[in-house]
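Starting from the known structure of chain A, fit chain B onto it as the hints suggest.
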Amino acid sequence: MGTENTIKELENHARSVRRHIVRMIHDSGTAGHYGGSLSCVEILCCLYFGWMRHRPGDPEWDERDRLVLSKGHAAPALYAVLAEAGYFLVEQLGSFKRLGGILQGHPDMKLTPGVDMSTGSLGQGLSVALGMALAGKLDRKNYRVYALLGDGELDEGSVWEAAMAASHYRVDNLTAIVDRNNLQISGPTESFMRLEPLKKKWEAFGWEVIEVDGHRIGQILQALGTTDRVSGRPGLIIARTIKGKGIRFMENKKECHSCALTEEQFEEVMRELESG
Amino acid sequence: MTVLRQTGEKKSTRDGYGEALLRLGEADSRIVALDADLPSSTRTAKFGQKFPERFFNVGIAEQNLYSVAAGLAACGKIPFASTFAVFATERALNQIKQCVAYPALNVKIVTSHSGFSASGDGASHQTLIDIALMRSLPNMTVVVPADAVQTEQAIAAAAAHEGPVYVRLGKTEVPILFEPHMDFRIGKTITIRRGSAVTVLVTGILLGEAIAAASLAEQEGIETELINIHTIKPIDGEAIVQSARKTGYVITVEEHSIIGGLGSVTAEVLAEHHPVPLTRIGVRDAFGESGDIEELYEKHGLTAKQILESIRLAVRSKQ
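One line per chain: the protein sequences are A and B, in this order.
If you're matching positions, the first sequence starts at 1 in our numbering and goes up one per residue.
If you're matching positions, the second sequence starts at 1 in our numbering and goes up one per residue.
It should be emphasised that the hints constitute simulated quantities derived from the structure, not laboratory data.
Take the hints with a grain of salt, since some may be wrong.
As the list claims (entries may be wrong) - Okay, the calculated bits of chain B under chain A, using three or more residues with CB under 8 Å as the criterion:
#	region
1	53–62
2	67–78
What the hints assert, rightly or not - Mimicking BS3-like on lysine-lysine, the simulated pairs with C-alpha atoms at most 27 Å apart in a straight line are:
#	chain 1	residue 1	chain 2	residue 2
3	A	K137	B	K50
4	B	K233	A	K110
5	B	K11	A	K110
6	A	K97	A	K253
7	A	K141	B	K50
8	B	K233	B	K97
9	A	K137	B	K46
10	B	K10	B	K50
11	B	K305	B	K11
12	A	K200	A	K254
13	B	K97	A	K97
Computed from a predicted structure; not experimentally measured.
Note that the Cβ used here is the ideal one computed from N, Cα and C, for glycine as well.
Chain A with its partners taken away, still in its complex shape (with noise of 0.2 Å):
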């Protein structure tokens, strides 16, 4: 799945992604989100530059796909995508975190043109998700639904809620992915809880999952192409990825689950994502 031009293109798009999270972060001032913003980074470049259905000058589009960033802290990722998918100006995510701005910390469907649902409090997203399918089958609609999880948000119970019912509905048209980077705020997930088997758990859930190395675009379009193809029942990727990708002393490192860097730190930061 994807020509090499495709997946070029896409790779570009994550190249400057990266720049304008790195660059909005620093900006705001204050400690933000790095690690879980770089890591999805792959995952929303495909989706909105390569797979989803939408209308950066129409966001309220009845027949768009949607995204729910359930992982909403990972904000900046979604804001600098959307950004750079011509939703706002770029020159907006200057005001990320700002009073006033329509950038809030995590993401409000009110104020920020493209984000589909309000988000920050963990494990609420694939619920939201499973209703939006739920609405779109009702409709005969021929969107579809994306949520966005982070690893250390499986604890909540209430993803275990939504991943039975949706099941139990049989939604087809939802696919979730799940940014698999290892590392909740205490340290590695499998230290502090313990997610695996976790293809497992979703396959016993009832759902069809996918393991992908979430930095190649090639394996995620791919994944994303099989499970818009299942029928019966929704669609889980589990997208293996690296927290705090793309900045070398971040990568892997639990600190990175948010930080600030030094002005030197982000030119050396700034350098080493112009030359990659």
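Positioned in the frame of chain A, the structure of chain B alone reads:
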């Protein structure tokens, strides 16, 4: 002055809901209903039988219930999502805040078994703080109907209202007091009787007790002004202040904690606009407990006799 029905016919507010929801469903295909394993108790069951494809019983999962409802609302549906008041407002509070109130999605949270009405089941199944929780959420409208007829009006009004609405219902059979043709507008009070001695504000199904108390007071020559507050939020502050100016004393009556409910909202309105003495009749910072509903009302001071006693004390304190 409102002329009330006096047939003595009794019906629970939840039964009014079941019928209203069914009618709405027939009139508008955007109406969907959700429940968390209690459709026979909340009375969403009738809707579910008539419109199975538009009905989602998500099992015993209240958190999922309200987030799924939000997703349906985000795509143009008008979801009525029901369970016991305690499980909706206490267990799923964060879902209601994050997924419903904050994005102002068009979800109707209609609950049964509020107050003491799960009487025998005790504190775990009763809630006396749901009004407090719901009214403190921005974007939330809070309606507490007094009888089955007012419930039907409230449900129709909630469906027509764009945005989140909390409707608090009970299981207890209470007299039907209102006529279907009577004016019902969210945010407006209904004056049941006029008087100048003392103002009694009552919300929900204790209206019958308050009417009885006012009648007893009348026999003693006390003219009570009785006002039904079916909408707690937005509160009709103007009506409250107007009556307080006239009588100089306000009593509130609710099957809810005096912390955060009608008593609190009245105290806030009066303190800011026209301070007068206030007596709050309600549950005094206590959990619920098992017992017959009549016994519970008696123990917590919610009967006509006890309201009458507060009316007498109010009048005496004015002299």
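Against the structure shown, which of the earlier numbered hints fail to hold, in ascending order? Per hint list: single violation, 5.
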